[in-house]
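Produce the entire structure from the sequences given, and follow the hints as far as they go.
Position 160 (the sequence shown) corresponds to 190 in this note's numbering; numbering is contiguous.
Please note that the accuracy of each hint is not assured.
Restraint ranges, calculated between C-beta atoms of paired labels, are given here [unchecked claim]:
id, residue 1, residue 2, range
1, LYS79, ASP183, 30 to 36 Å
2, GLN113, ILE200, 36 to 42 Å
3, LYS144, ASN207, 26 to 32 Å
Rather than coming from a laboratory, the hints here were simulated on the basis of the structure.
By construction, the Cβ of each residue, glycine as well, lies at the ideal position given by its N, Cα and C atoms.
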Amino acid sequence: MAQEEFPGWHGTTIIGVRKGGEVVIAGDGQVSLGQTVIKGTARKVRRLKPGGHEVIAGFAGSTADAFTLLERLEKKLEATPGQLARASVELAKDWRTDKYLQKLEAMLIVSDGKELFVITGGGDVLEPEHDVTAIGSGGNFALAAGRALMSTDKPAEEIAREAMAIASDICVYTNGNLTVESIKA
Numbered sequence: 031m032a033q034e035e036f037p038g039w040h041g042t043t044i045i046g047v048r049k050g051g052e053v054v055i056a057g058d059g060q061v062s063l064g065q066t067v068i069k070g071t072a073r074k075v076r077r078l079k080p081g082g083h084e085v086i087a088g089f090a091g092s093t094a095d096a097f098t099l100l101e102r103l104e105k106k107l108e109a110t111p112g113q114l115a116r117a118s119v120e121l122a123k124d125w126r127t128d129k130y131l132q133k134l135e136a137m138l139i140v141s142d143g144k145e146l147f148v149i150t151g152g153g154d155v156l157e158p159e160h161d162v163t164a165i166g167s168g169g170n171f172a173l174a175a176g177r178a179l180m181s182t183d184k185p186a187e188e189i190a191r192e193a194m195a196i197a198s199d200i201c202v203y204t205n206g207n208l209t210v211e212s213i214k215a
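Quick look at the structure:
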């Protein structure tokens, strides 16, 4: 099969919600190849403990690429303990300038409970304006739902779960099998 005919891998919706002194990152478990669901129970949200400082992270894109980036982020955090923003910027700089890393196809949402960032291969480290961010196939659906739910009295985890349920109802590349991690400020 020619490269341009190969059906693309699709998968994942990840949402990050910061509310009430807590950050929740939730991700679905679906990985699809073209129109086929390859796996429905992938775990794309992780808890990291570099240097004893907890960070939660979710990824969209290639799993191997995301694990490479998570390992690099852990090393940056070990070099700058408790400084998620600095570690994230250093990772984004490396990702943008290193010839090997430039080929990696993934995005990350990371939080230490205080800060919440999206890190991209374009060199971006973005903090959401409205305390909700989302990436992946159904990211825009989850983001819209999460932003709408922020004005309610619901806590961060409930907002993340409901936003993911809405995204999974709309996006065929997102399922309802969630991995949820939370961290307090």
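Hint check:
| no. | hint | in the structure |
| --- | --- | --- |
| 1 | LYS79 / ASP183: 30 to 36 Å | holds (32 Å) |
| 2 | GLN113 / ILE200: 36 to 42 Å | holds (37 Å) |
| 3 | LYS144 / ASN207: 26 to 32 Å | holds (29 Å) |
Hint violations for this structure: none, all hints satisfied.
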